[in-house]
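Trainee: Fit chain B to the known structure of chain A by using the hints.
First to last, the protein sequences are chains A and B. For the first sequence, the positions run 194 to 407 when our numbering is used. For the second sequence, the positions run 194 to 407 when our numbering is used.
If you are wondering where the hints come from, they were derived from the structure by calculation, not from laboratory data. Any given hint could turn out to be false.
Which copy is meant is left open, so a pair is good if it fits within one copy or across any two.
Unchecked claim - Derived DSSO-like pairs: lysine-lysine, alpha-carbon spacing no greater than 30 Å straight-line:
| no. | residue 1 | residue 2 |
| --- | --- | --- |
| 1 | K406 | K334 |
| 2 | K229 | K334 |
| 3 | K406 | K229 |
| 4 | K336 | K308 |
| 5 | K336 | K407 |
| 6 | K406 | K278 |
| 7 | K406 | K336 |
| 8 | K239 | K406 |
| 9 | K334 | K312 |
| 10 | K239 | K407 |
| 11 | K406 | K312 |
| 12 | K407 | K278 |
| 13 | K229 | K407 |
2 protein chains.
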Amino acid sequence: MRVGILGSGLMGGKLGTIFARAGHEVVFSYARNMEKLHELARNAGKNARVGTPREAAQEADAVLLAVHWSRLDDVLSQAGDVSGKVIVTCSLPMNEDNTELVVAHTSSGAEQLEKRIPKARVVAAFNTVPSEVLFGVYERKRKAGRPSLVYCGDDEGANGVAAELIEAAGFDPVNAGPLRIARYTEPFALLVAQLAYEGAGGPELAYRFERFKK
Amino acid sequence: MRVGILGSGLMGGKLGTIFARAGHEVVFSYARNMEKLHELARNAGKNARVGTPREAAQEADAVLLAVHWSRLDDVLSQAGDVSGKVIVTCSLPMNEDNTELVVAHTSSGAEQLEKRIPKARVVAAFNTVPSEVLFGVYERKRKAGRPSLVYCGDDEGANGVAAELIEAAGFDPVNAGPLRIARYTEPFALLVAQLAYEGAGGPELAYRFERFKK
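Chain A extracted, bound-state conformation (with noise of 0.2 Å):
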C-alpha cells in the first residue's frame, strides 16, 4: 500500500516508519523542517522518502492525517484535493496547550475532519495510544495477547484499508462502528493520555478489550 504521512511528528513519524518497515510505501511530509523530514526517511529504510503535502497525498492508498488539530487548515491546503481518498486521522481536536478538547460531547474531531473534506473517506485510528508505545507493540510480533486498537468509520472500505494498517502496526484492530463513536474514542484517548503520562508506570500504555463469560 502507498501511505501518505502528513504532519510528520511524534505520531506521525513513528507510525511512517512502522508501516515503511512492515512493507508499505511511505511518504513522509510536514514536519517543521526538512532536515527531520530527511533524517525520518532515512531511518525508516528503503520504502519511505520525502514529499510534500500534495506528493504525499495525490498518490497515496492511504493518507494518514497526524498533524496538531490547530495546522488542520493548511496542511489540507497544500495538500490538494483528497476526494475518494481515505483519510486515516489521529488527529485529537486539542487546544494549543494540548490541555483540553475543543471539540467534544455534540461532535468530533473526527467528524469536523469529514465536514470539511466531505468527499474524502474518512477514518478515525492511531489516536487512543500514546506514540511511546508504537514501537514496543510493533517489535513484539507476537500475534496472541496483541493490544487492542479502536478505529470507526462510515465507509466500509477504509475501515478496511485502516484495519489493515493497524494490524500492519502489531495491534488487534476493533471497530468501534461509525465515525460519530469518535464522540467516544477522543475523550478514550485522553484516559489513556492521563494513565500514560500522569499515572504510575510509564507512557507505553496501550490497552486491550477481552471477554470474561461466566
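Mentor: Just chain B now, with coordinates in the frame of chain A:
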C-alpha cells in the same frame, strides 16, 4: 465493610451480590419493587439484607450509587444527609432513552454529583464495564490477567475505599486521577457499551491497560 446500595438494578444488584459474597455487609435499596429487593438479598447470601435508602446510606462505610441519572434527586432525597460519606458512583449522566450523555466535555456526571452533595466524598467507578461481565470477572478468581477498572476522585481516603471494592470484585483498580477525569471515563464507558452491545462477541466485555516497552 458495610456497603449501601442505592439503586438495585442491573449494576447495583450484581455489584451488591458480589460485594456480599466477597464478605462485605450489604444493604440493597431502591429497586422498582420490594419483591425484587428481597430476592436479590436472598440470592446474595447471609451478608446481604434489604433496607430503605436512608438505612443503606446512613450506616454504610461506602455507598454505591447505581441509579438511572433521572432518579438522582429522588434517591438522594430519600437517602438523607450523606456528609462525609464515601459515595462510589457508577451512574452515567444518560438521557431518558439511554442513547446520549446529557453532561459531558466541560463537566461530567460525577462532577455534577459532587456539586449536588459537596460534603460527600465522591469517587467515580464501576461505570466503564457492562453489568454482563461482572460475574464472569468475579468468579474467575485468578489474579494474573485480571481486567482493569478505572476510578477517579478527589479524596484519597475515598479513592482507597473504591479501590478495595474494585479489587473485591476481581478487577485491577487503576487510579485515573482527580474527579474531573470522569469527563474522559464517562465517554469511555459509552465506547465500551458500544463495543459490548453493538460489536461481535457478546456483552461480557472488559478492558485491560498494559505497558509494552521496547
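Trainee: Should K406 paired with K334 be assigned to within, between, both, or neither, using CA atoms and 30 Å as the limit?
Mentor: both (27 Å within a copy, 13 Å between copies)
Trainee: If the cutoff is 30 Å on CA atoms, where do K406 and K312 land: within, between, both or neither? Let me know, please.
Mentor: The answer is neither: 42 Å in one copy and 39 Å across copies each exceed 30 Å.
Trainee: One pair to classify: K407 and K278, alpha carbons no more than 30 Å apart. Within, between, both, or neither?
Mentor: neither (44 Å within a copy, 33 Å between copies)
Trainee: First find the shortest C-alpha distance between K406 and K336 inside one copy, then the shortest across copies, and answer within, between, both or neither for a cut-off of 30 Å.
Mentor: both (22 Å within a copy, 16 Å between copies)
Trainee: Is it within a copy, between copies, both, or neither that the alpha carbon of K336 lies no farther than 30 Å from that of K407?
Mentor: both (25 Å within a copy, 16 Å between copies)
Trainee: One pair to classify: K239 and K407, alpha carbons no more than 30 Å apart. Within, between, both, or neither?
Mentor: Between copies only: 23 Å across chains, 50 Å inside a chain, cut-off 30 Å.
Trainee: Pop the pair K406 and K229 into one bin, within, between, both or neither, using alpha-carbon distances up to 30 Å.
Mentor: Classified as between; 25 Å across copies, 49 Å inside a copy.
Trainee: Within, between, both or neither: how does the pair K229, K334 come out at a Cα-Cα threshold of 30 Å?
Mentor: within (28 Å within a copy, 50 Å between copies)
Trainee: Are the CA atoms of K406 and K278 at most 30 Å apart within a copy, between copies, both, or neither?
Mentor: Classified as neither: same-chain Cα gap 40 Å, cross-chain 34 Å, threshold 30 Å.
Trainee: When no copy is named, should K336 and K308 be tagged within, between, both, or neither for a Cα gap of at most 30 Å?
Mentor: neither (37 Å within a copy, 46 Å between copies)
Trainee: Can you tell me if K334 and K312 fall within 30 Å by alpha carbon in one copy, between copies, both or neither?
Mentor: neither (36 Å within a copy, 51 Å between copies)
Trainee: Between copies, within a copy, both or neither: which fits K239 and K406 at Cα up to 30 Å?
Mentor: between (46 Å within a copy, 26 Å between copies)
This entry does not satisfy hints 4, 6, 9, 11, 12, going by the numbered hints stated previously.
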